[in-house]
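**Q** Order-wise, the sequence lines are chains A and B.
In this text, residue positions in the first sequence follow my numbering: the first is 3, and each later residue adds one.
In this text, residue positions in the second sequence follow my numbering: the first is 384, and each later residue adds one.
It should be emphasised that the hints constitute simulated quantities derived from the structure, not laboratory data.
Check each hint, because a few of them may be wrong.
[Said to hold, decoys possible] DMTMM-like, lysine to aspartate or glutamate: derived pairs with alpha carbons at most 25 Å apart:
#  : chain 1 : residue 1 : chain 2 : residue 2
1  : A       : 123       : A       : 133
2  : B       : 692       : B       : 518
3  : A       : 123       : A       : 151
4  : A       : 144       : A       : 186
5  : A       : 144       : B       : 734
6  : B       : 692       : B       : 668
7  : A       : 46        : B       : 730
8  : A       : 144       : A       : 203
9  : B       : 692       : B       : 652
10 : A       : 46        : B       : 734
11 : A       : 123       : A       : 186
12 : A       : 123       : B       : 518
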Amino acid sequence: MLLTFDTATPRVTAALHDGERVVASADADVAMRHGEQLAPLIEKVLADAGADRFDVTAVGVGVGPGPFTGLRVGLVTARTLGHVLQVPVYGVCTLDVLAAQAVGTGEVAEPFLVATDARRKEVYLASYDAEGNRVEGPVVVKPAAAATDALVVGEGADLYPEHFARTAGPRRPSAAWMAVAITEELVGLLDPEPLYLRRPDAEAPGARKPVS
Amino acid sequence: MGRVSRDEPLVLGIETSCDETGVGIVRGHTLLADAVASSVDEHARFGGVVPEVASRAHLEAMVPTIERACETAGIDLRDVDAISVTNGPGLAGALLVGVAAAKALALGLGKPLYGVNHLASHVAVDQLEHGALPEPCIAMLVSGGHSSLLRVTDVTGVGDGTPEGAGVVPMGATIDDAAGEAFDKVARVLGLPFPGGPHIDRAAREGDQVAIDFPRGLTSRRDLERHRFDYSFSGLKTAVARWVEARERSGEPVPVADVAASFQEAVCDVLVRKALDAASSEGIEDLLIGGGVAANSRLRFLAEERAAKLGIRVRVPRPGLCTDNGAMVAALGAEMVARGRTPSSLDLPADSSLPVTDVLAG
Ligand SMILES: [Zn+2]
Chain A
3 MLLTFDTATP RVTAALHDGE RVVASADADV AMRHGEQLAP LIEKVLADAG ADRFDVTAVG
63 VGVGPGPFTG LRVGLVTART LGHVLQVPVY GVCTLDVLAA QAVGTGEVAE PFLVATDARR
123 KEVYLASYDA EGNRVEGPVV VKPAAAATDA LVVGEGADLY PEHFARTAGP RRPSAAWMAV
183 AITEELVGLL DPEPLYLRRP DAEAPGARKP VS
Chain B
384 MGRVSRDEPL VLGIETSCDE TGVGIVRGHT LLADAVASSV DEHARFGGVV PEVASRAHLE
444 AMVPTIERAC ETAGIDLRDV DAISVTNGPG LAGALLVGVA AAKALALGLG KPLYGVNHLA
504 SHVAVDQLEH GALPEPCIAM LVSGGHSSLL RVTDVTGVGD GTPEGAGVVP MGATIDDAAG
564 EAFDKVARVL GLPFPGGPHI DRAAREGDQV AIDFPRGLTS RRDLERHRFD YSFSGLKTAV
624 ARWVEARERS GEPVPVADVA ASFQEAVCDV LVRKALDAAS SEGIEDLLIG GGVAANSRLR
684 FLAEERAAKL GIRVRVPRPG LCTDNGAMVA ALGAEMVARG RTPSSLDLPA DSSLPVTDVL
744 AG
């Protein structure tokens, strides 16, 4: 079975797919609590499906882009589980998961963008064709610089209605859709490496300041 | 859940509270592996640890370090009886990487998880070197992040239920800089590399520790009334900087060795004085020193010399076990198993300001 999860947005989402269909999924939408919620959610989807850890044959994880601290919770969990269970770990761009859902449900049937909250008054953004194939991005940008009349999927659009007037489709990613997208090859697979898109905030200290 | 050996539990411990990714494996009191990946070189040019840089490095190092530890220990991951992990105090984002990895291990192996306090782990690590801990003991933990005096009656934190009777009780702590931080800052003033501790120690060997009379923080009679077991290194650090600047202004060369030796003497004098006072005041005959600064040669020497006169025994783990590492977390985890403590739940949080009295997460 394919176990999927994503921690690149305020939502923590986990799902289990048996090759035919999604057999269990669970979401938690309490921001800033990714580290507390992910492991219990994984436990829950396994239990809900009547499965145990030995039934997991592959792991899929959202590699962002997304706020770093939460993003790493998903990635380190995926890599470590993959190592312990000796199963492959597939990375998926989180924005691609939103795109796959938007197209897959029929909510969007024209070229569109996906935007999620990058904090610091910026959004993570990527553009897609009408079939949900990524055309450009992902990038991190100021909403004003990306203002558009195109349809925008994802919560990033809701935060800046002045720049993203037309919105549609899912707001936050779903691990259930990630599982479907991986199984049905709707998304490209990546290494489980985080898409940070920003350098760490770090400044070398200046010259020593005198104390007297 | 498999049967857990209470006598000699095989425990894997993960430590990511600062810039070292540590994975240790112990069997009871026996150290089997202590794998550490450090991002210290990436921080050196910033003169201190950059949290985001440390967190990114933890993610990259985690699985390789787990693999390396298992290889060194010659064990199969599936054989471990329990997983333990530092859940605080420390850098929030860094802690979270280790906690998430530990949960994934516990989940993937079906083994119990123990979220443990970083400071108590610094105490527990000594049993890997010197056998069962003396309890009660006074523990002095000194590093770049902490300077604390603790009274330890039960390193797993179980006391008699009262705040005063908790297993690990803080007696004193720094009111400003950590001891190791003072070493780093003074090293910078003297043009020595980061981290400052080892470089000051080396420079001081060529110097005279009574050349300059630097202040001893919180040792005046008035300060002792309120801060008998507390430390302060900020005033000392400023005094050193002033002294060096005055030298530079007058165009005279700075006697680096003498400044290093005199500064180091001021730090070690106060550390040892207060630790021994704590032990004497509690009628406790064992002093345990841990944390990165415990590697300082002058600190070890002064502590042993003065403690001997008071009939107090001093235990200092070897330097490699004093700095942050996974073995110390595994050691405390093994003690949790051996003493039958209740494992933590999978939703345990990382807590950057975890108080020392909270030794085991619920
Ligand atoms: Zn430490």
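**Q** None of the hints should be skipped; say for each whether it holds.
**A** Taking the hints in turn, this is what the structure says about them:
1. A:123 to A:133: Not OK: residue 123 of chain A and residue 133 of chain A at ~29 Å, beyond 25 Å, violated.
2. B:692 to B:518: Roughly 21 Å separates the two Cα atoms, so the pair holds.
3. A:123 to A:151: 20 Å, holds
4. A:144 to A:186: 34 Å, violated
5. A:144 to B:734: 33 Å, violated
6. B:692 to B:668: The hint holds at about 12 Å.
7. A:46 to B:730: 12 Å, holds
8. A:144 to A:203: 18 Å, holds
9. B:692 to B:652: Holds, because 15 Å separates the two Cα atoms, which is no more than 25 Å.
10. A:46 to B:734: 24 Å, holds
11. A:123 to A:186: 35 Å, violated
12. A:123 to B:518: Answer violated: residue 123 of chain A to residue 518 of chain B is near 53 Å, above 25 Å.
The structure fails to meet hints 1, 4, 5, 11 and 12 from the earlier list, while all remaining hints are met.
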